[in-house]
Structures are given as structure tokens and as C-alpha cells.
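Starting from the structure of chain A, add chain B where the hints point.
So the chains spell out like this:
There are 2 protein chains.
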Amino acid sequence: MAKRQLKLGAFMRPVSLHTGAWRYPGAYPDANFNFEHMKRFARRLEEATFDAFFMADHLAVLNMPPDALKRSHTVTSFEPFTLLSALAAVTERIGLVATGSTTFDLPYHVARRFASLDHISGGRSGWNIVTTSNPDAALNFGLDDHMEHDARYARAREFYDVVTGLWDSFADDAFVRDVESGVYVDLDRMTRLDHKGPHFSVRGPLNIARPPQGWPVIVQAGASDPGRQLAAETADAVFCAPSRLAEGQAYYADVKRRAAAAGRDPDHIKILPGAFLVAGDSVEQAQEKRRALDALVHVHSGFGSLSTMLGHDVSGFDPDGPLPDLPPTNASRSTQDKIVSFARQENLTIRQLAHRVGGYSGLAFVGTARTIADSMQEWLEADACDGFNVMFPYLPEGLDDVVDKVVPELRRRGLFRTAYEGRTLRENLGVPRPENRRV
Amino acid sequence: MAKRQLKLGAFMRPVSLHTGAWRYPGAYPDANFNFEHMKRFARRLEEATFDAFFMADHLAVLNMPPDALKRSHTVTSFEPFTLLSALAAVTERIGLVATGSTTFDLPYHVARRFASLDHISGGRSGWNIVTTSNPDAALNFGLDDHMEHDARYARAREFYDVVTGLWDSFADDAFVRDVESGVYVDLDRMTRLDHKGPHFSVRGPLNIARPPQGWPVIVQAGASDPGRQLAAETADAVFCAPSRLAEGQAYYADVKRRAAAAGRDPDHIKILPGAFLVAGDSVEQAQEKRRALDALVHVHSGFGSLSTMLGHDVSGFDPDGPLPDLPPTNASRSTQDKIVSFARQENLTIRQLAHRVGGYSGLAFVGTARTIADSMQEWLEADACDGFNVMFPYLPEGLDDVVDKVVPELRRRGLFRTAYEGRTLRENLGVPRPENRRV
Numbered sequence: 011m012a013k014r015q016l017k018l019g020a021f022m023r024p025v026s027l028h029t030g031a032w033r034y035p036g037a038y039p040d041a042n043f044n045f046e047h048m049k050r051f052a053r054r055l056e057e058a059t060f061d062a063f064f065m066a067d068h069l070a071v072l073n074m075p076p077d078a079l080k081r082s083h084t085v086t087s088f089e090p091f092t093l094l095s096a097l098a099a100v101t102e103r104i105g106l107v108a109t110g111s112t113t114f115d116l117p118y119h120v121a122r123r124f125a126s127l128d129h130i131s132g133g134r135s136g137w138n139i140v141t142t143s144n145p146d147a148a149l150n151f152g153l154d155d156h157m158e159h160d161a162r163y164a165r166a167r168e169f170y171d172v173v174t175g176l177w178d179s180f181a182d183d184a185f186v187r188d189v190e191s192g193v194y195v196d197l198d199r200m201t202r203l204d205h206k207g208p209h210f211s212v213r214g215p216l217n218i219a220r221p222p223q224g225w226p227v228i229v230q231a232g233a234s235d236p237g238r239q240l241a242a243e244t245a246d247a248v249f250c251a252p253s254r255l256a257e258g259q260a261y262y263a264d265v266k267r268r269a270a271a272a273g274r275d276p277d278h279i280k281i282l283p284g285a286f287l288v289a290g291d292s293v294e295q296a297q298e299k300r301r302a303l304d305a306l307v308h309v310h311s312g313f314g315s316l317s318t319m320l321g322h323d324v325s326g327f328d329p330d331g332p333l334p335d336l337p338p339t340n341a342s343r344s345t346q347d348k349i350v351s352f353a354r355q356e357n358l359t360i361r362q363l364a365h366r367v368g369g370y371s372g373l374a375f376v377g378t379a380r381t382i383a384d385s386m387q388e389w390l391e392a393d394a395c396d397g398f399n400v401m402f403p404y405l406p407e408g409l410d411d412v413v414d415k416v417v418p419e420l421r422r423r424g425l426f427r428t429a430y431e432g433r434t435l436r437e438n439l440g441v442p443r444p445e446n447r448r449v
Numbered sequence: 011m012a013k014r015q016l017k018l019g020a021f022m023r024p025v026s027l028h029t030g031a032w033r034y035p036g037a038y039p040d041a042n043f044n045f046e047h048m049k050r051f052a053r054r055l056e057e058a059t060f061d062a063f064f065m066a067d068h069l070a071v072l073n074m075p076p077d078a079l080k081r082s083h084t085v086t087s088f089e090p091f092t093l094l095s096a097l098a099a100v101t102e103r104i105g106l107v108a109t110g111s112t113t114f115d116l117p118y119h120v121a122r123r124f125a126s127l128d129h130i131s132g133g134r135s136g137w138n139i140v141t142t143s144n145p146d147a148a149l150n151f152g153l154d155d156h157m158e159h160d161a162r163y164a165r166a167r168e169f170y171d172v173v174t175g176l177w178d179s180f181a182d183d184a185f186v187r188d189v190e191s192g193v194y195v196d197l198d199r200m201t202r203l204d205h206k207g208p209h210f211s212v213r214g215p216l217n218i219a220r221p222p223q224g225w226p227v228i229v230q231a232g233a234s235d236p237g238r239q240l241a242a243e244t245a246d247a248v249f250c251a252p253s254r255l256a257e258g259q260a261y262y263a264d265v266k267r268r269a270a271a272a273g274r275d276p277d278h279i280k281i282l283p284g285a286f287l288v289a290g291d292s293v294e295q296a297q298e299k300r301r302a303l304d305a306l307v308h309v310h311s312g313f314g315s316l317s318t319m320l321g322h323d324v325s326g327f328d329p330d331g332p333l334p335d336l337p338p339t340n341a342s343r344s345t346q347d348k349i350v351s352f353a354r355q356e357n358l359t360i361r362q363l364a365h366r367v368g369g370y371s372g373l374a375f376v377g378t379a380r381t382i383a384d385s386m387q388e389w390l391e392a393d394a395c396d397g398f399n400v401m402f403p404y405l406p407e408g409l410d411d412v413v414d415k416v417v418p419e420l421r422r423r424g425l426f427r428t429a430y431e432g433r434t435l436r437e438n439l440g441v442p443r444p445e446n447r448r449v
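Chains as they are written, first to last, in this note's numbering: chain A, 11 to 449; chain B, 11 to 449.
Chain A with its partners taken away, still in its complex shape (with noise of 0.2 Å):
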């Protein structure tokens, strides 16, 4: 049997996730408006076979202290399904996921919208389901409050049933067309939904018909318990954010076995640890250029993306004393736990933690292509992951250095594709298209 392979993602921002991108030498820091840097990306993504370009996203202007603000260029960009849908005119074979939320949104749209994408696309695009747990956020919806973690799952739960269910209005041989007897669909092909739960009455059936993939690619983040329930039962492919090999492996396996307590192919589920790549042509060239790209992160976006990340403005602290307990908040608690955690451990002041958070402070492989592959080989070999969600230090740079040394490395080693295995998300992935279950 062939060797296991890497799975590959790229986790985008049109400038970078990282705070001081923008400011990278060669960088592009008009790329959140700007298209014409979005299709360059994306089609070297393709000349390298990932298997999706993957736009993250916010639902507003998020909330930090002004002087992080003014200095942050992640605050504003491109909506997802404008974007994706552009792209998907100027790209042929790689996947388009985007975010999607459960929470601010309504399930009619977000089925309609990412059917008609996969359209567009020939069957590449993914739904992100995420349940938005951002407090600014609500307050573009009229809610002045946020709901309850356990609540969002919920709902979140049962958007998936809908969005689900009406994907599978037509059978995939609805749409007969015949133009000598006037027949354009066959309604026994056809089904409603009549969907009436605790959040939503949704009657159906989708004014689309049933997308290429089946179902568009399922994607899930979650890293409490109640979001790796979801994603085991629901997911085709897992981002998780573990820190170390052995959390990562600790994340592998419980959601497989989730997975397979549910009654699916834990094979079926592809678990894609989020990774900042930063390659030199030495070790030492990365690391230097690791360190003049935290350089370029203000102190005062560093306190406001720790703000951000706690759910709590820490502006009132004493910038050179431990972080104080805090109270509970609607903040996302595995992310709120992880920093707090990790700022005990090293015993980091305000200050320190803020100038590492500021930047990016998760999973890195800083050296190489060959000591990059070697993690990744280490990670993927180790049943740690099936591949990465991976994330660019800064663009244009970052990408190229990925796709011109580091995708290489892989493929010379057998654990990257070297040309398309499909035509669809699905089957680069390796995950099944979905039967209809209803019609």
C-alpha cells in the first residue's frame, strides 16, 4: 500500500495572521482589499498541490485597546464567500474553505450559499463551522450579549442538521431535463424538509440543486469538549492547535476514537494541526528572520491581542506583574485556558506575554525544508496528525518559501502528492461523498 501522506491546508489572512506582516520587507499590506494578491497566492498554492486555501474571518471590527488597533491589519478584509468565489473562477483544483457561523447566521443561507460555491467550483469548497463566540460580534446582530458556550453547540448542532438536510433536497439525478417532453425536474427526486427544532423551522426544499461533493467538506475547530463531539460526529477535517507533539497526540486520538465511537472510519476524519512554517536556507537564517518579523509587532497590539484572546481588557494591569486570575468569561475557554497556562509555566509578566501572543505563540517549524519536513514527517508518523493547517510567517515571502522549498523536500520523502489525486475536495482529501439520505 502507498505510504500515508500529508494532507495540507493553507490557513489565510490576506496579509498574514501574524500582527507584524504587514511591515515585512516585500510584504503587500493593501492584500485585504486587494485581488490581485489573493489570485497570485492562490494559484501558487495550486501549482503546489495543497489541498485548500482556507480564508479565516471575523464578524466585526474587533474590540481592542486603540493603540493596538490603529497598528493592526487584521481587523479588516475580504468577506469569505466573495473572495472564495472569486478565486473559484481562477483556480481549477484546489479546495476553497471558508468560514461559515452558526451563531449570526441562518441555515437557508449558509446551505445556499456554499451548494452554489461547490457549483461554481466543480466540487472544492468547505464549510468551516464555527460558533462565533465573539462579544463585538454580537453587537452587529442586535444581540447585546453572547450566548452561552454550551448553547452555541447546540444550535450549532442543529444548523448542521439543517444545512445538511436541505443539501439533500435533490437527488443527484433530479434535474433529468428533457426537453422533448417538457420535464426540467422530477419531483419524485425532490424532497422537502419540514424542519422544526428548538432554533430554527426551516421548510425547504433548497432552490439549488445537490452539489457535486454530495455535501461540501465539513471543517470543525473544536478543542472543548462539546466542539470535539461535534467535529468527531460531523467533520471531514479536524483544525486543532496543539502546542506539542504529545498534546497532539493526545487531540489525534481521542477524536478519532470519538469518531469511531459515533460509527464512523476514524480514517475518515482528517485531523490538521494548525503550523507557522518560517524556512531558511539555514536554521539560523530562519530563526533571525523569525525574530525581525516579532520585532515588527508593537508592545500595544500585543495587549490588545491578549485582550482579545483572554475575553478581558488587560490594559488595567501592571504591564510588568504576573497575569492576574480573571474572571469567567464568554471568551473561548480552551483558548483563554492556554494562555493562562502557558504564561504560569514560564512565568511570564504582561509584557512578555504580550510581545509573544502579539506575534504568534502556537506551533512553529522554524529552520530548513529539511528540518521542517522532518517535523512534519515526525508529527504524521507519530499518529499526531494526517497533515497540517498551515499558516505563512508573511506573504508574499512566506508562501514561496513553502512552495519552493519545503513542498519539494516532501515530495522527494513520498509524503506529498506530487499532481492532484481528484477533482473535487473530497477526493484530494480522501473522504467519502455522502449518499443523500433523504431522496
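Hints in this document: simulated from the structure, not taken from any laboratory. Keep in mind that a hint or two might mislead.
When chains are identical, the list treats them as one kind, so a pair holds in a single copy or across two.
Stated by the list, open to error - Derived lysine to aspartate or glutamate pairs resembling DMTMM-like cross-links, with alpha carbons at most 25 Å apart:
| # | residue 1 | residue 2 |
| --- | --- | --- |
| 1 | 299 | 188 |
| 2 | 49 | 298 |
| 3 | 13 | 323 |
| 4 | 206 | 146 |
| 5 | 299 | 190 |
| 6 | 299 | 158 |
| 7 | 206 | 158 |
| 8 | 299 | 196 |
| 9 | 348 | 57 |
| 10 | 299 | 407 |
| 11 | 49 | 158 |
Since the model is a prediction, treat every value here as computed from it, not as a measurement.
Then chain B, alone, in the frame of chain A:
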């Protein structure tokens, strides 16, 4: 001063809006979900310097009798934002106008998507504000019945105020992106909205830079009194559906007068009646094409269309009797009134009415390029329009006939541009770029 010229939009459904079109020789019955066809149509229209590609929309599989539904190609189609964004990537100058419902969507989402499409397309997006009136759509969004006509317009007006307010979140020059100092955005050039009204509570700011056009072009199709008033106060372009010249002149005068009364330059609101163009090499040939097309409409499709437009199921009526008095419904009043008066005037049976309505029963210019150009010129010079929203009887032939025959004739007469005047839809339509009212 240069001669006044026509503005031309293309009112598109992928297969055409005529129910029989998918069976017409050479048609693409699968165009609903075949992006290559849509790309071809958009590029041909751009070659002909059309102002805009307008994508009509529904938010449901319309509730027709099964025998009509199974014959309909118009119940399913691409979702407009995904389609127009994809077209933005493969065109350069043509405007891209999408329908956005104020009844079943939320202003932060709508503001974001149009702004994003405007950035991706370099200033070519337009928002056709619709106050959706279809009860089938309501059932897909958890509403048992539908909002009252007047309540829909009150909500639409507030929705518009919020969306345009959000587009003004940032000054045009807010993004300074000063790499040296590290300041990305000038916060004195950003403002929150803090809107609290009867229908919406939206804090803002929008997480997207001000659109290239300031605001995407605002389109309305108001026919009723509150509809006309909303259009006169807010629209850059108005779609309307007069059947005869005198009716067009009355509508034109009324909306221009209302715009002036609202303090606007009447020249900055373009009135574009829908016109169904059937071009042939002779008038007889064009008439024969239309007859052949209408013959492809099954009478049961006609009953379905008639039921939808009346907001009342006609299947219980005697098909060979006259239209009885109808109880009031929540369907569009103006559409209902038009059909009723049409039926009474010509003393049509239900069956005759169904054949007419099932195909296309509005304003049509059927003839040679010369006679069609005569009619268009007559309407322009009689102050019945500023241009037309062109409907093609069948695709691609009907579109190619207009591009290859009618447009050259209009250009010869100096009635239509030979090259785009500008880069943005506003520049081509000749409507001003709005000043930022807020920051």
C-alpha cells in the same frame, strides 16, 4: 452637449426568465449550475459595453402546482453573490448587480458582502434592494406568515440606512499603512455606527474599507406608492415594468418628481424599464421566433406562474372562465393589479391568461435591429426611460442577437456608448460617488 444615451442592464436568469426557454433550440438547459455558460454570457455583454449584469433571485423553490413545478427551470439557480463574485474575477468593466433581501437578511452581512464585491470588482457592484414578498421564502426562514407590505418598506428603509451607514465606517483615506511608524489605520478616520432603531441594533464599524464606489450602486424596483418613494429617495437606478409608452412616461415623471422633491438631482436616478428583446432579420421572423418560444410553454407552467404572480392558487378556477374577484393577499399588489387589469381589458380566460403570463407578458420589442432601435429611441426621447433592463427570450441566441444586431444599430445612431466611460459602475451609469456622511 453630447446626445443623451441609453443605459443598458441585462436582467439575467441563467437559462432566461421565459419558462419555455430551456427547450428552445441551442439553449443550455443546465446553465443554472454551469458556470462556463455564465462566464460566456457576461463576457459577451461586456464586449457590448452593457452597464450591468443583473442577477435576479428567489429565496425558495416557489410553490407551484406540481405539474408546473416539474417543467420549470427557474426554481433553482446559483446564489447571486457567489455567482457575481466569480464573474468579477473573469470580467473587467461590466457592473454586477445582485438582489439582496431586506426581509430575510441582516444589514451587517449585506453591507459586508456588497462592499467586498465592490473591492474585488474594482467598483462594479450594485445592490438591488428587494423587500421580498414571497410566502414560500418566509417558511425557509422560520416565519409562518409574511410581513405586511407597509411594514416591509419601513424595515427596508431602516435596513438601507444601516447598510449605507456601515459603508461609511472608514474615510476613503483611513488606511495609511505607514510601514515606518507602524500605523496601519488612522482611527480618527474610522467611526462606529451605534444604530438603534425599531428593527435593527448595529454597533459597527464595518470590518471592511470603504468601497471603491463609496457606496455600491443602489437599485430599486418600487412600483407601489411606498416603493416609488423609497426608490426616489435612495436609488441610483430603478427597474420598472411599464407595458406601454404612456405608462412609462407617467412612471418616469413621477419618480423624477419625487427625487427632486427629496432634494436630489433627477438626472442621478436612472429609470430602466424591463424590455424583452426578440430580434430577427425581418419583423416576421422575429414574431415567428417568439411564437415558437411561447409554444414551448406548457399550459400547466402557465397556471403555476399565474398562481405565483396573483398570490392565489388558480387551479380551483374554471380554466375556460374569466378571472374571478380575488381576496387581498400579501403578494405584490402592483403585480396583482397589473394582471387583473390586463385580464379584464382583453377579456381573457384563465387558460389564455396562463399562456401569456407563463411565457412573458410585459413590455417586448419584437422586430429587426432597426425597429427595436426605433422603439428604444422613441422611449428615450419621449422621457419614458434613461435606458432599459434588457431581457433575453432565450440564451445564448437571444443575447447574441442583441449584441450582434441591436447594439451596433444603437451605436450607429449615437444612442449607446462604443467604449466604457469609466472604471466603475457609477462612472458608467453617470451617477455620483456619495460623499462619506460620517467621517
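Here's how the hints hold up against the structure:
With identical chains, the CA atoms of residue 299 and residue 188 are at most 25 Å apart between copies only, with a shortest distance of 21 Å across copies and 62 Å within one. In the homo-oligomer, the alpha carbons of residue 49 and residue 298 never lie at most 25 Å apart, since the shortest distance is 29 Å inside one protomer and 47 Å across protomers. Taking the shortest alpha-carbon separations for residue 13 and residue 323, neither the intra-copy value of 48 Å nor the inter-copy value of 62 Å comes in at or below 25 Å. In this homomeric assembly, residue 206 and residue 146 come within 25 Å of each other (Cα to Cα) only across copies, at 16 Å, whereas the closest approach inside a single copy is 30 Å.
In this homomeric assembly, residue 299 and residue 190 come within 25 Å of each other (Cα to Cα) only across copies, at 18 Å, whereas the closest approach inside a single copy is 66 Å. In the homo-oligomer, the alpha carbons of residue 299 and residue 158 never lie at most 25 Å apart, since the shortest distance is 41 Å inside one protomer and 62 Å across protomers. For the identical chains of this complex, residue 206 and residue 158 are neighbours both inside a copy (22 Å) and across copies (24 Å), given an alpha-carbon limit of 25 Å. In this homomeric assembly, residue 299 and residue 196 never come within 25 Å of each other (Cα to Cα): the closest approach is 60 Å inside a single copy and 28 Å across copies.
When the C-alpha separation of residue 348 and residue 57 is checked against a cutoff of 25 Å, the pair qualifies neither within a copy, at 36 Å, nor between copies, at 56 Å. When the C-alpha separation of residue 299 and residue 407 is checked against a cutoff of 25 Å, the pair qualifies only within one copy, where the shortest distance is 11 Å, while the shortest distance between copies is 58 Å. Neither within a single protomer nor between protomers do residue 49 and residue 158 lie at most 25 Å apart by alpha-carbon distance, with minima of 38 Å and 45 Å respectively.
In terms of the numbered hints stated before, the structure departs from hints 2, 3, 6, 8, 9, 11, listed from lowest to highest.
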